[in-house]
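A.B. asks: Build the full structure now, drawing on both the sequences and the hints.
Residue numbers (the working numbering), protein chains in the order written: chain A, -15 to 238; chain B, 2 to 362.
Derived by calculation from the structure, the hints in this document are not laboratory data. Just so you know, these numbers come straight off a predicted model, no measurement behind them. Misleading hints may appear alongside valid ones.
To be verified - Okay, derived cross-link-like pairs now, SDA-like style, lysine to any residue, Cα gap no bigger than 25 Å in a straight line:
(1) A:K(-6) to B:D217
(2) A:K178 to A:R156
(3) A:K4 to B:D217
(4) B:K58 to A:N158
(5) B:K58 to A:D72
(6) A:K1 to B:N223
(7) B:K201 to A:K178
(8) A:K178 to A:T(-13)
(9) B:K58 to A:P(-7)
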Amino acid sequence: MTTIAPKMPKSWRTETKPHKFCPGCGHGLVLKALGEAIDELGIQDRVVFGCDIGCSLLSWDFFNVDSVQTHHGRTTPVVTGVKRARPDRICIAYMGDGGGYAIGAQHLVNAASRNEKITAILVNNCNYGMTGGQMAPTTLPQMKTETTPYGRDPEETGYPTQGPEMVAAITRENAYVARGTIANVRQLKGYLKKALQNQIDGNGFSFVEALSSCPTNWSMNAKETWAFVEKTMPEYFKIGELKAPAKKEEKIDV
Amino acid sequence: MTEKPINGEKRVFMTGNEVVAWAALAAEADIMYGYPITPQNEIMHYWTRLAPKYGRKFLQTEDEISAGFTTCGGVLSGKRAFTATSGPGNILMQESMTMAEMMRIPTVLVVQQRGGPSTATVIYSQQEVTMTCYGGNGEGLRIVYSTGSHQELFDYTIKAFNIAWKYRFPTFVLGDGYQAKMRESLYIYDPAEKGISMLKTVPFVGLEGMPGVDRDPSHLRNTYNTEEELYDVVTNLVAEYEKIAPEVIEYQTFDADDAEILIIAHGIVTRAAQAAVKALRSQGIKAGHFRPITIRPFPAGEARAVAAKAKKLLVVESAQGQFQRLVKDALYGLTVPMEGYFKPGQGITSEEIVEEVKKGL
Ligand SMILES: Cc1ncc(C[n+]2csc(CCOP(=O)(O)OP(=O)(O)O)c2C)c(N)n1
Ligand code: SF4
Ligand SMILES: [Mg+2]
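C.D. replies: Put into structure tokens, the structure is as follows:
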């Protein structure tokens, strides 16, 4: 019997596959969508990819693109530093929800406010995956985690962070902001392409949150995991584009 | 090509912060990332006024965590990038400087020490010695120049860029609030005029060519999976650091050869120590002075050689023994008695040192 290797994006580094995420993890799907987006835009030789600490760190050698892994929450400033010094590069910051909305929230907010011309991709898996499933800013109400063993009580710990909504609120019209999901990889790829195109066009900050799975820490089987991603998460986190700049030629000067 | 910021050599009368900005310009620094904190602010103020005239850049970040990490990003892009800070900002920059140590990122950081702990004063101290040399979770694989005058601020800021890029260890210029804010005469110059050429910088990411086809991708990480893997990485880093240390260390001695009482001081306190030696010698007291310019790596052998000949050692600093710990470490095993004259967060005059020496006679 021969096994047929799944089709991989051209920009993936085959030498480092199969990748190291847990079975059923959404990170791989987000990175597949990203790989295809890079391929279709033909930017592989111009991308500088930065990854956070969190399960995103497992992507440090994932692509055939120049990559730098940094500290928990600090991917946004590292990638900002690269972009400011080398505006001709396409700079991507890849992080988790803990990295982007908790420890690195000030960086995300200020990069967005300053309209840094980078593309930030944030994987929302409702918990801190790498450290063993603690509460994240995105943990849903009543959801059990290692640090909310009786379920997240919004009275105690507030409501889940609405990241793209926040970024959309603090950016101007030249930003691109969307929330996609691994339950619809085609759509997610479309969002990522637009987010990268927005950087290529030199417009401004681009941000895509991807709803993603963490079956290991959710302690869910495949069916439950998929139901959680497809049904439960979008009830709270609405899928769609929150901000999409008009194409350059469509912009009207006033 | 844009004009050189300084042609030839010029005598000027400037504050130290202005000096640092001019030095960075002269050293062909491409970009500064920074966050406001006293007494460092005017480095940014002068840089933001001067830099655009010479095609250089600036980014004001949201905090010093970001200033440090954006500096790492700038350097990774192959640019001569730097930042400057003080006190609580220095604390926040320790995180990014550990990444620079681990990944051999040649960042340049100018520290103008202020009083500590906490917010303390915005004036002056030598209390950031331990943090600047050994801050962070690691082995302190950095190069730290402790300057004592405006001329040195200029010389060593230029040198810091070349040393950082030559050896690829994060490099610090350790000044203080007095040096930052005082005005003093000095010569500023085009490095080429002194036969100094700025080393070519190279990018670590964003290289030319199609990765995976024309070349391997550059994959940089600071996380390792096993104890053995990390042990190898750190052992190699330490070995390289120790190998270059003898080439990097710098120090000065003043009447140290026949000194019976050896004053050991660094940074701006060296000036009081030098004046005290003169005064004591004129009174027939055989005083001398040893001053490390690099406090990390520390010129341990050189310090030992002169300290061993003295009858008594006096460590003088504007901190509660932080510098003395480095000295003790270097002189371990010597039996020459050592005393400390410590004034955390306060300046020290030559008269005080003279008095302290005479008290102990
Ligand atoms: C300064 C610092 N604090 C804490 C940690 C420990 N830590 C590593 S990964 C992580 C959480 C990761 O969660 P998230 O960002 O949501 O990514 P995920 O693993 O879920 O993809 C934490 C807290 C760290 N590495 N550095
Ligand atoms: S712990 Fe969760 S997020 Fe991390 S690799 Fe496993 S499934 Fe993915
Ligand atoms: Mg997470």
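A.B. asks: Indicate, hint by hint, whether the structure satisfies it.
C.D. replies: Consistency of the hints with the structure:
1. A:K(-6) to B:D217: 14 Å, holds
2. A:K178 to A:R156: 16 Å, holds
3. A:K4 to B:D217: Holds. A:K4 to B:D217 sits at ~20 Å (cutoff 25 Å).
4. B:K58 to A:N158: 23 Å, holds
5. B:K58 to A:D72: 15 Å, holds
6. A:K1 to B:N223: Given that 25 Å is the threshold and the Cα spacing comes to 20 Å, the pair holds.
7. B:K201 to A:K178: Given pair B:K201, A:K178 is violated - Cα atoms ~37 Å apart, limit 25 Å.
8. A:K178 to A:T(-13): Status violated; Cα separation ~35 Å.
9. B:K58 to A:P(-7): 36 Å, violated
The structure fails to meet hints 7, 8 and 9 from the earlier list, while all remaining hints are met.
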